[in-house]
Amino acid sequence: MKSIIEVKNLTKEYRNLKALNNLSFDIFEGEILGLLGPNGSGKSTTINCILSLLNYNSGSIKIYNQEMQPDAYNIKKDIGVIFQDIAVFEELNVYDNIDYFCGLYVKNKDERKELIKDTIKLVGLEDFIKFYPKQLSGGLLRRLNIACGIAHKPKIIFLDEPTVAVDPQSRNNILNGIKKLRKQGATIIYTTHYMEEVELLCDRVIILDKGKIIASGTCDELKELINIEEKVTVEGIDINKNLLKKIRDLKNLKNINNHEKTLIITYQKGKNNLIKLIDFLKQENLPYSKIYSERPTLNDVFLELTGKDLRD
Amino acid sequence: MFYHNFKYTLKRLLKDKMLIFWTFAFPLILGTFFKMAFSNIEEKEKLELINIAIVNNEEFENNIYFKEVFKNLSNKNNKERLFKTKYVSESKANILLQKDKISGYIVLKNTPKVVVINNGINETIIKQVVDEISSQEKIIKDIINIETSNYLNNDLFKKNSISNDFSSSIYKKALKTIENSSIKLNDTSNKNLSYTMIEFYTLIAMGCLYGGILGMVAINQTLANMSRSGKRVAISPTSKLKLILSSSIASYLIQLIGVFLLFIYTIFILKVDYGNNLFYVIFLIFLGCLAGLSQGVGVATISKSCENTKTGILIGTTMLGCFLSGMMGITMKYIIDKNLPIINMINPANMITDAFYTLYYYNTPDRFYYNIISLLIFSGIMIFISVLSLRRKKYDSI
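Residue numbers (our numbering), protein chains in the order written: chain A, 1 to 312; chain B, 1 to 398.
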């Protein structure tokens with residue numbers, strides 16, 4: 001695949017704080033790249049630097065092999081951004097908001113009309129075109145925010161936490177919309193701290209912490225990094241130290257965590273780990289309310305690599 | 001792109017209720033309050049008619065100029081009437097003066113004599129009017145003498161002796177001088193009485209400078225570090241200069257509409273007199289609004305504070321500027337002009353107020369042009385600083 005964005009040794013400092021620490025990565029044409037990390041890890045700063053909104057101390061950013069600058073209009077015309085904060089005008093209705101932002105990219109009125117029509121359909125705002133932003137719910141407002149960023153059909157789309165504080169229906173709508181955009185050929189850079197969204201959407205993931213890339217690859221590649229095959233959770237169990245020791249001796253077990261009547265056991269490899277555990281609990285006559293098995297998530301990867309939770 | 005942004009800036013600004021209040025409604029409300037407050041003061045402080053007497057002796061009856069001027073200044077139908085005049089004998093005038101029925105009386109013997117027993121404003125006015133009439137009378141006499149001697153020395157006269165043209169030409173010249181002098185006298189007295197005009201001039205100045213809030217808001221919406229929408233605008237492939245220019249012109253247009261509404265309101269409802277130079281007054285409004293706009297753009301680009309703080313800065317500086325240029329009383333303007341002239345030299349509110357004042361009070365344009373050039377320099381500096389700070393802008397933080 002062709003690299004269309006090239007970030008090399010990007011460093012950005014706020015006084016004594018290194019917001020971005022020697023970041024280097026490529027973004028390939030047609031992919032959905034996830035930038036994953038907790039709040040303050042540098043996701044938005046990275047995007048703002050790429051968009052030439054923020055100064056940076058060192059490094060280089062190239063888009064289409066050309067240095068990105070505030071006046072690089074030939075690059076900017078292909079970019080669309082959906083910011084974390086709602087960026088629309090309160091004084092304009094839904095249609096006018098989309099028309100205004102689309103008009104900054106597309107001069108031709110008829111062409112714009114068609115694009116706006118398609119976008120309104122894509123985000124599902126057909127019934128709200130005369131509504132003003134203050135008349136819209138949080139989810140609909142997010143959809144408008146997205147529409148304003150993509151109406152001009154950009155080839156590169158930056159989505160900065162677009163589903164924060166969104167109801168499930170709007171969230172599904174947004175995620176489906178992103179899939180459609182990708183089908184239409186757009187390259188998408190998606191930042192979030194919701195690992196489920198990353199796993200659902202992204203071809204490749206870069207995990208950031210304290211402005212540094214701590215891991216990158218596909219979801220499966222990242223999971224392999226931490227060598228966890230299975231995670232079993234037992235809820236509502238009261239267990240003593242002796243029994244805990246016995247569990248520790250079970251085969252393939254990597255780690256055990258007992259907290260507030262919940263037992264979380266991670267296994268490195270092997271099959272039938274859950275059945276073996278159920279048999280053991282039965283044998284020891286230990287009651288519990290719920291038991292389930294999961295494949296490891298990106299949160300486990302993050303936990304393993306940094307020692308903290310993604311949502312901390 | 002230019003028209004697109006211009007159109008939507010107009011739409012956005014006109015739908016912003018707070019902005020519309022400050023730009024359109026607030027100056028009208030303030031002007032109405034001014035009228036209510038100051039018209040009472042002015043009514044109270046208006047000069048009352050001065051009771052005088054003129055001794056109707058033979059000399060007075062023969063002095064047409066004196067007679068006509070006093071007739072005019074005592075005429076009930078004259079808006080600039082100064083005197084309530086009684087034509088009496090000298091003894092009767094003396095009695096009236098003793099009984100305090102009149103402030104003074106005038107006797108024309110070889111020279112006009114003003115007789116008073118007190119020393120106050122009324123007495124001073126009577127004396128000044130009589131002196132003014134005497135000096136004008138002297139000018140007329142001089143003209144007649146010069147014209148007569150010119151005519152007598154003329155060859156044509158020597159050949160044809162006295163003709164009708166001679167008396168007619170002298171008569172016309174003298175009459176013209178009388179007409180001019182009487183107009184001059186009336187105008188001066190009128191303007192000195194209406195000092196509250198300056199409050200309304202500062203009101204127009206305030207209207208012009210408040211327009212800066214429109215400019216500031218319009219520009220803020222294109223700056224990535226000032227608004228969320230500004231971030232979106234900043235990443236678009238549109239020249240920032242084009243965006244700022246079209247936004248500025250849109251806000252300038254709304255600002256002009258606001259100030260012209262105020263201007264019309266002050267003329268027709270508040271009865272403010274701007275003098276006879278309407279073209280210059282309108283030109284001044286255009287320039288005042290430009291100064292307001294450039295001030296708004298300057299504050300928007302230079303200051304990193306949030307929009308509310310910037311609005312506060314603009315309202316605060318405008319109100320202070322208007323206060324210093326005489327909005328709450330003309331005395332303040334005089335105090336600043338006398339003791340700290342530099343303040344009013346750099347105060348755009350004063351530049352606008354002073355230009356209005358100059359148009360109304362003075363016939364010479366020098367001081368008006370000085371104010372116009374000052375406003376142009378002020379606007380130029382603000383725009384230059386704004387353009388410098390906006391070129392190829394990236395931010396340290398947003």
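Treat the hints with caution; some may be incorrect.
To be verified - A partial selection of chain B residues facing chain A, derived with a Cβ cut-off under 8 Å:
#1 1
#2 125
#3 231
#4 236
#5 367
#6 395
#7 396
#8 397
In case anyone wonders, no lab produced these hints; they're calculated from the structure.
Backbone N, C-alpha and C fix where the C-beta goes; we use that ideal spot for every residue, glycine too.
Okay, the hints, checked on the actual structure:
Restraint check, residue 1 (chain B) versus chain A: the minimum CB separation of about 6 Å is within 8 Å; hint holds. At its closest, the beta carbon of residue 125 (chain B) sits 59 Å from a beta carbon of chain A; the interface hint therefore is violated under the 8 Å criterion. Annotation: interface hint on residue 231 (chain B) holds; nearest CB of chain A at approximately 6 Å, less than 8 Å. Nearest Cβ of chain A to the Cβ of residue 236 (chain B): about 4 Å, under the 8 Å cut. The hint holds.
With a cut of 8 Å, the hint placing residue 367 (chain B) at the interface with chain A is violated, because the nearest CB-to-CB distance is about 42 Å. Look at residue 395 (chain B): its Cβ gets to within about 6 Å of chain A, closer than 8 Å, so that hint holds up. A hinted interface residue such as residue 396 (chain B) counts as satisfied when its beta carbon comes closer than 8 Å to some beta carbon of chain A; here the least separation is about 5 Å, so the hint holds. For residue 397 (chain B), the interface hint holds, the least distance from its beta-carbon to any beta-carbon of chain A being 6 Å, beneath 8 Å.
Hint violations for this structure: numbers 2 and 5, all remaining hints satisfied.
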